[in-house]
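Protein sequence lines correspond, in order, to chains A and B.
According to my numbering, numbering within the first sequence proceeds without interruption in unit steps and concludes at 114.
According to my numbering, numbering within the second sequence proceeds without interruption in unit steps and concludes at 1115.
Please keep in mind that the hints were generated in silico from the structure rather than gathered at the bench.
It cannot be assumed that every hint is accurate.
Unchecked claim - Computed, partial: chain B to chain A, Cβ under 7 Å:
no.	residue
1	L1044
2	E1108
3	G1109
4	I1113
Think of the CB as a built atom: it goes at the ideal place given N, C-alpha and C, for glycine as much as any other residue.
Chain by chain, the residues:
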Amino acid sequence: GDSVTQTEGQVALSEEDFLTIHCNYSASGYPTLFWYVQYPGEGPQLLFRASRDKEKGSSRGFEATYDKGTTSFHLRKASVQESDSAVYYCALSDLNNYAQGLTFGLGTRVSVFP
Amino acid sequence: NTKITQSPRYLILGRANKSLECEQHLGHNAMYWYKQSAEKPPELMFLYNLKQLIRNETVPSRFIPECPDSSKLLLHISAVDPEDSAVYFCASSQEGQGAPGNTLYFGEGSRLIVV
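Next comes chain A alone, as it looks inside the complex (with noise of 0.2 Å):
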């Protein structure tokens, strides 16, 4: 079946530290990649997705591309700030399997200390 695999479980930066969170996913069809957000007590909040090859998502400062060939979706951010600290997922959606929603990866939880 589908799959996402984040390759960072937790990630501690300082403000102003370059944030990249590595996201690698397996799927049968062409899948709309996600990101996700997600702060304590409160839902999974959409950041942006990409449906395309070389797609560009961006939201809040933050951007990944949508790459086929590695299939990659890596997350990046150049500049953080206290208030970014949360649980980040990637996610995918396939058409092809549409009965399964979104797939997860396991989120990487990031904090940024002042």
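Got chain A sorted already, so can you dock chain B onto it with the hints?
Frame of chain A, contents of chain B only:
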């Protein structure tokens, strides 16, 4: 997020029956229940697309969903078990031609604690 409302937000139960409620104000035609256990990603329990139920076969039969109309979703739980302690999220999306497939919007969740 007031566009998807869930109630109750917190629930502490012994081995009892209870229902969780969800209403979405986004005009979406698909609704979902997800379960999120501690330190894990959300896991799909049920999907309603145009009121047709698609069930995750690993979900215990004590969980019974109900979709009274396209904007409302219920989750009936009978004889809860300690392993049911988790946050239950309702989500919705717009499915169909031209719609970005499976772009889900989540509610704030109902935290269930089984004692």
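Cross-check of the supplied hints:
| no. | hint | in the structure |
| --- | --- | --- |
| 1 | L1044 | holds, 4 Å |
| 2 | E1108 | holds, 5 Å |
| 3 | G1109 | holds, 5 Å |
| 4 | I1113 | violated, 14 Å |
In terms of the numbered hints stated before, the structure departs from hint 4 and from no other.
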